Structures are given as structure tokens and as C-alpha cells.
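S.K.: Work the whole structure out from these sequences, hints included.
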Amino acid sequence: MNNYITIRELSKLMHVSVHQIRYFEEKKILFPAYVDTNHYRMYGMDEIYQLSHILLLRKLNVPVQQIKECLLSYSADDYYGLLTDSLQDVQSQIDSLIHMKQFIQSILQEQQEWISQSQQDQRIPIYVMKEIPVRHFTTWITIQPNESLHARALYQHRTEQHALFETDFHYLYSSDQVAVCVPSSNAISDSFVEKGLYLTRSFTVTSEENIAQEIHHLNEHAFQAAYVLVDPIILIEKSYLSMLGTDQLHYEIQARIEVTHAEVKERNQS
Numbered sequence: 002m003n004n005y006i007t008i009r010e011l012s013k014l015m016h017v018s019v020h021q022i023r024y025f026e027e028k029k030i031l032f033p034a035y036v037d038t039n040h041y042r043m044y045g046m047d048e049i050y051q052l053s054h055i056l057l058l059r060k061l062n063v064p065v066q067q068i069k070e071c072l073l074s075y076s077a078d079d080y081y082g083l084l085t086d087s088l089q090d091v092q093s094q095i096d097s098l099i100h101m102k103q104f105i106q107s108i109l110q111e112q113q114e115w116i117s118q119s120q121q122d123q124r125i126p127i128y129v130m131k132e133i134p135v136r137h138f139t140t141w142i143t144i145q146p147n148e149s150l151h152a153r154a155l156y157q158h159r160t161e162q163h164a165l166f167e168t169d170f171h172y173l174y175s176s177d178q179v180a181v182c183v184p185s186s187n188a189i190s191d192s193f194v195e196k197g198l199y200l201t202r203s204f205t206v207t208s209e210e211n212i213a214q215e216i217h218h219l220n221e222h223a224f225q226a227a228y229v230l231v232d233p234i235i236l237i238e239k240s241y242l243s244m245l246g247t248d249q250l251h252y253e254i255q256a257r258i259e260v261t262h263a264e265v266k267e268r269n270q271s
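In terms of this note's numbering, the sequence shown is residues 2 to 271.
None of these hints come from the bench; they were simulated from the model.
27 Å max Cα-Cα, derived DSSO-like pairs, lysine-lysine:
#, residue 1, residue 2
1, K60, K102
2, K69, K13
3, K28, K60
4, K29, K60
5, K69, K28
6, K13, K28
7, K69, K29
8, K13, K60
9, K196, K131
10, K29, K13
Quantities reported herein were computed from a predicted structural model and do not represent experimental measurements.
M.R.: In C-alpha cells form, the structure reads like this:
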């Protein structure tokens, strides 16, 4: 009984295609034990172990061109370094997937909150009071209050951020300008808004005129409720809600109220 197996049998044993085994042979990292009189490539235990070794290295993303060097000259220390590097790569992929999971969850949560709010009558502005912590921003572009953000401005002020709409845009409206910002850590920020009680409302728009109307409605509501608003008024463009939804853009408007908790509680009870 022949103790060797054919290339097709090796393929079935190792769950790898015949084509891939031939490719390894072309790259001179695997050879048959011998070729029989019928020109069949025959493989024994040594070749099975060598193929296992090659497949392990491929699983570790070692390029085929480097595998020959590994087989010929790698020491135990070299393999330790290879495994350590591979572990770091895997951890990086895990971290990336966790980030993606959190990102998707945040979008789903925003969508659910928006669906809940959109069931209300949008013709009657409904404002919600929120306690919001201090936030730090990096200013991207500064425009005039009556000026529109356009493609040329985005290009001229382009940044290293690859996914342009990965983060919600924050428009900080003051009396003389609008700062288009992105959230950032305290270490790299150039502006911030203080923590406090904020008057907020979520809404959709189809034109810039709608945004001006929302700012007007906010100021009117604050005046009627005797709230003193503190600059800047913050307009948050919900980037992914806008892209994944209809042709409308999703926003949240926020303005800090200069009142005490006791005053707010008293007003809410009245």
C-alpha cells in the first residue's frame, strides 16, 4: 500500500484548493515528495506539515514572497516577533470593529429618537430642556450670518479628516459670525461652549430659509418664556440622519439659558 497521497487527496485533506497548492509550488515554497511514473505528484507527512506551516503563515497575513524566507531562516525569536505583530494587527481590527459597532448603535439611537419626535406635530415647535456638559470644538470655517456654506469653501478649508461627514457639523451662531466647527478633545480645541441648561429642538429643513425661521422661533419662544439666552446659538447638522433619510436635512438647535435650576423648576411647575 502506497503511504503517499495525490495532490487532489492532499487538497481534500487540508481543505485547500488544488490550484492553491500548485500556486505554492510555482512560488517554490512547497514541493511533492516525488512524481510517480504516471506523472502524479505524491505527498507524504513532511509535505503535509510543510503545507500546514505555509497555511498558518498565510493566516497570519505573511506575504507568499516572505514565506520562503520564513521556512528557510526564521528562528523561534523571529516567529515570536511575527506572532506579536499579528496579535497587534488583530487587536487593531477588533478596536475598529468595536468603534464601528458603537457608531452604528449611535445612528440607530438617533434614528429612534427622531422617529419618536417626528410623530409630534412639527407645525407646533416643541422645545426640550437639556442639561449638557461643556463641549470643545475645532473651528473649521468662519462665515457671515447671511452667508451660505458652499463646496468651494469646503475645498479651500479641507482637512485631514477622510470621511467628511463622519462627525456632525456644529454651527456656532454669534452676533457677527457663524463658526462651522467639529467636536474635538480639550487638548486640540480652539473654542468651547459652557455646560448648562439648554433649550433644544430637533427639526428638518428643505432650505436655508427654514433655518433662519427656526432661529427666529427659538428667540421668540425664549422671549415669551422670559428666558435669557447666552451666545452662541448652536445648530447641529445631523450628518448621517440626513444622508440615510429623505431629501430633508436633520438639525438640532440649542441655546444656553441664563437661569438657575430653581427658576426652571418653578417655571415648569407653573
